[in-house]
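Novice: Each chain, written out:
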Amino acid sequence: MLAEIGYGILVVAFFVALYSVGAAVYGERTKSASLVESARRAMLLIWPLITLSAGTLIYLLITNHFEVSFVYEVTSREMPTYLKVTAWWGGQAGSLVFWSWLMSAFAALVTLRKWDRDREFLPWVIVVTSLTTAFFLGLVVFYENPFARYWQTVDGQIITSMLAPLNTVAFFPSDGRGLNPLLRHPGMIIHPPMLYLGFVSFVIPYAFAMAALITGRTDDRWIRLTRRWTLWAWLFLSFGLVLGSRWAYDVLGWGGFWGWDPVEIAALMPWLTGTAFLHSVMIQEKRGLLKQWNMILIILTYALVIFGTFLTRSGVLSSVHAFAQSAIGPAFFVFIGVTFVSSIALLIYRWPELRGETELNSLLSREALFLLNNLLFISVLVVCFWGVIFPLISELVTGQKVTVGPPFYDRATAPLFATLMLLMGVAPLSAWGHSTVKTLGRALWKSTLVALFVTTIIFFTYTKNAIALIGFFLVALVLLVTFQEFWRASRARMKAQNENFITALLTLISRNRRRYGGYIIHVSMMLMAVGILGINIFQIQTQGTLPVNGSVKLGDYTVKYESIAQFNGPDNRQVTRAVVGVYDRNGSYLGELHPRIDYYPDAQQNMTIPGERATLQDDLYVLLVDWQPASANGATFKVFVNPLVNWLWIGAFVFLFGILVAAWPEREAEYVPERSRRAHQTSAAD
Amino acid sequence: MKLRKILHITYVILLLVFALAQTRTASAQNPTPSDDEVNRIAHQLYCPVCENTPLDVCPTEACRQWRDLIRQQLTQGKTEDQIKQYFVEQYGARVLAEPPRTGLNWLVYVLPPLLILAGAIFLLRAMQAWTKPAQASAKITPALSEGGSSKNEEPKDEYIVRLEEELKKRK
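Order-wise, the sequence lines are chains L and G. When the letters of the first sequence are read in order and numbered with this note's numbering, they come out as residues 11 to 696. When the letters of the second sequence are read in order and numbered with this note's numbering, they come out as residues -1 to 169.
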């Protein structure tokens, strides 16, 4: 009964979404404000509807309704309740409901904003967001129904279907298969929601962009309206990526955090275009340039959001044939194709109206450097896109499967990322409109000298690896330039306002939050770069089988195998946990680590959880690879030393802080000067 | 008699030395490969059954057997390239971390640099096109383009034109 109710509500939500699209279009065409208002309310209704349906699904998950095939596939009796709840997004059908639920929440939020100033956008924003929601709801309603149940025919066959087929009785499995153990980690519980939030919230700026194209109101109003949305979208997406990396580091047990897996790249691609977009909208706001390009970027971002979901959801990555067999693959394909082509068509239609308002004055001006930044982000995107797509093309054309793995991406993207870092160092010093080699050089030479000096010290004390040295030089340069910017501006305030340094710095940041938030983000990127350089270039590892009290040396550490024990953990795990002692170079005892293997009988799967010892200098990362139960005197360990990797996670926290500085809602009053300027222009023309 | 004894002892010593030498050379040919040596090669190979998982970290039983295979082949004295070649012959090119540089696969290496180069050229052209009119107008009205850092200071006639346009749009 509950399953029928949950499914029924989803069907209703689907039709409500379609209605809001129809009503918005028709209301706009017939200039009927009440019809548009009805569309708006319909869109507002979708979220509570999906919430109800999702509540039903969660109830089924918690109460072990294994006759529902989705419940059977992702939960088991032994699972703790909170995991049963998060199993909601642990499987295909549920995660599509989850996607729609988040999408509709954002749609509801956007309908609740004040529209009086931007009435003409409203119908088209409704059309785009509701259409996207309707697409995902349609996938759930027609192809991937989480409420479908098991039915048994007279000859014992099990059929999955929503409604009882003829001559069948409901079938109740006694227990479910349980959630994939990989997904039972706290990181995996927060990571998908974050990523999805990032995905769906990028739909909003896209919707406004489309509304601007359709209505022909092609000034930068849509950009100003969506500035904060975009920042929040970027925050969620970035954090989804970071959490995913941390999860991989803690759970996948291979000593790294990023493996250039297509699933990772699927989430990285919209981030790349989104980041380019964040930068290039500033050129449009300040200089009235790049209107066409910004449209392209937001269209690309939207397309890549859907494409990323498609890649991970359709099974296309494992094989082109899996894609053809999956029901939702072709549907996705059509949706991406239709939205992309129609967006581009609209853009071409409005192309002449989107010409730049001013010219570029210098190839070293900030806007020119921003353009270079955009080129680099798009270049990384090209590498990623092609690397993900090529195996599919190869399989289609020659029937041969190939892997495009880390060596390819590392080689192709490293120089691009290095150039981006260089830009991060130079661009903040260049002026809008005008910069010459001379002005830039004057602003840059001190930082460059100090950065060179730092690099020399690193050369003599830490490493002689050329790539690492280039990396560290760039990190030092960017940090110095950024701090110099903070220092210079605060000093100016200290003099002018007679404030102390702290007050000056704080008012400075609060007065221009986007700029200084952005600089804090640059700093965080550099901290992350230190971690990435560290683990990629200096990681060392060894593996060996040790008797009890035997030890293995790696880098400055000695790891001694002390004991092993087996016991039953919560969530029905069989835990095999080793105790290893860690000693430093001089033989002093540093503490013990507990690498372990968790065996999940319901899923018949092992999880290898590392023992980690984190310091600012490095991470000691010990994995229990294997052990001999019979003699109990030998265990195989894999030991990694990952230098500097913790700066990556520290950088992530700084990043969060920076983006909150930039994106925290401001009072509406801040917009007044902008509007009064417009009003002033209007009255001037009169 | 004495000589025979000496000869005999010499013979035994020679035999021993020879035998020792032989075991030495034998062990030089077939040392037991360490886990690290196995992993170094396994890391460059991709699990033929799981998606995108390097063989050195793959936890499945199948991969454990494949690692043992690498160990065996190392013991037989095969080189890294021979072992990789063996895996390619058995399971196809997908076990390599990158597509082999043959035929269609060249596309994966050639296309991105070409596209990026094209993008760079396009950007440079576009920037030149944008810069030229500004420089041309700078010759005529240097005072105006000097302060081109904000929209408000654009040439006056253009300013009014834009204002008119915006007003039209509003109505």
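Please keep in mind that the hints were generated in silico from the structure rather than gathered at the bench. Quick caveat, the model's predicted, so the values are computed rather than measured. It cannot be assumed that every hint is accurate.
Claimed, not checked - Interface residues of chain G toward chain L, partial, derived using beta-carbon atoms under 8 Å: (1) Val47; (2) Gln70; (3) Thr100; (4) Leu102; (5) Leu109; (6) Ile114.
Claimed, not checked - A short list of chain L residues far from chain G (calculated; beta carbon distances all over 12 Å): (7) Val22; (8) Leu55; (9) Thr73; (10) Pro196; (11) Arg256; (12) Pro272; (13) Val344; (14) Asn384; (15) Pro416; (16) Pro417; (17) Tyr419; (18) Gln551; (19) Lys648.
Claimed, not checked - Where chain L lies over chain G, by a calculated footprint (3+ residues, C-beta under 8 Å): (20) 72 to 81; (21) 86 to 97; (22) 118 to 129.
We treat Cβ as the ideally placed atom computed from N, Cα and C, and that holds for glycine.
Novice: It remains to establish, for every hint, whether it holds in the given structure.
Specialist: Hints, one by one, checked against the model:
| no. | hint | verdict |
| --- | --- | --- |
| 1 | Val47 | 11 Å, violated |
| 2 | Gln70 | 17 Å, violated |
| 3 | Thr100 | 10 Å, violated |
| 4 | Leu102 | 6 Å, holds |
| 5 | Leu109 | 6 Å, holds |
| 6 | Ile114 | 4 Å, holds |
| 7 | Val22 | 38 Å, holds |
| 8 | Leu55 | 33 Å, holds |
| 9 | Thr73 | 33 Å, holds |
| 10 | Pro196 | 21 Å, holds |
| 11 | Arg256 | 17 Å, holds |
| 12 | Pro272 | 7 Å, violated |
| 13 | Val344 | 25 Å, holds |
| 14 | Asn384 | 8 Å, violated |
| 15 | Pro416 | 7 Å, violated |
| 16 | Pro417 | 5 Å, violated |
| 17 | Tyr419 | 10 Å, violated |
| 18 | Gln551 | 8 Å, violated |
| 19 | Lys648 | 8 Å, violated |
| 20 | 72 to 81 | violated (count 0) |
| 21 | 86 to 97 | holds (count 8) |
| 22 | 118 to 129 | holds (count 5) |
Violated hints for the displayed structure, listed by number in ascending order: 1, 2, 3, 12, 14, 15, 16, 17, 18, 19 and 20.
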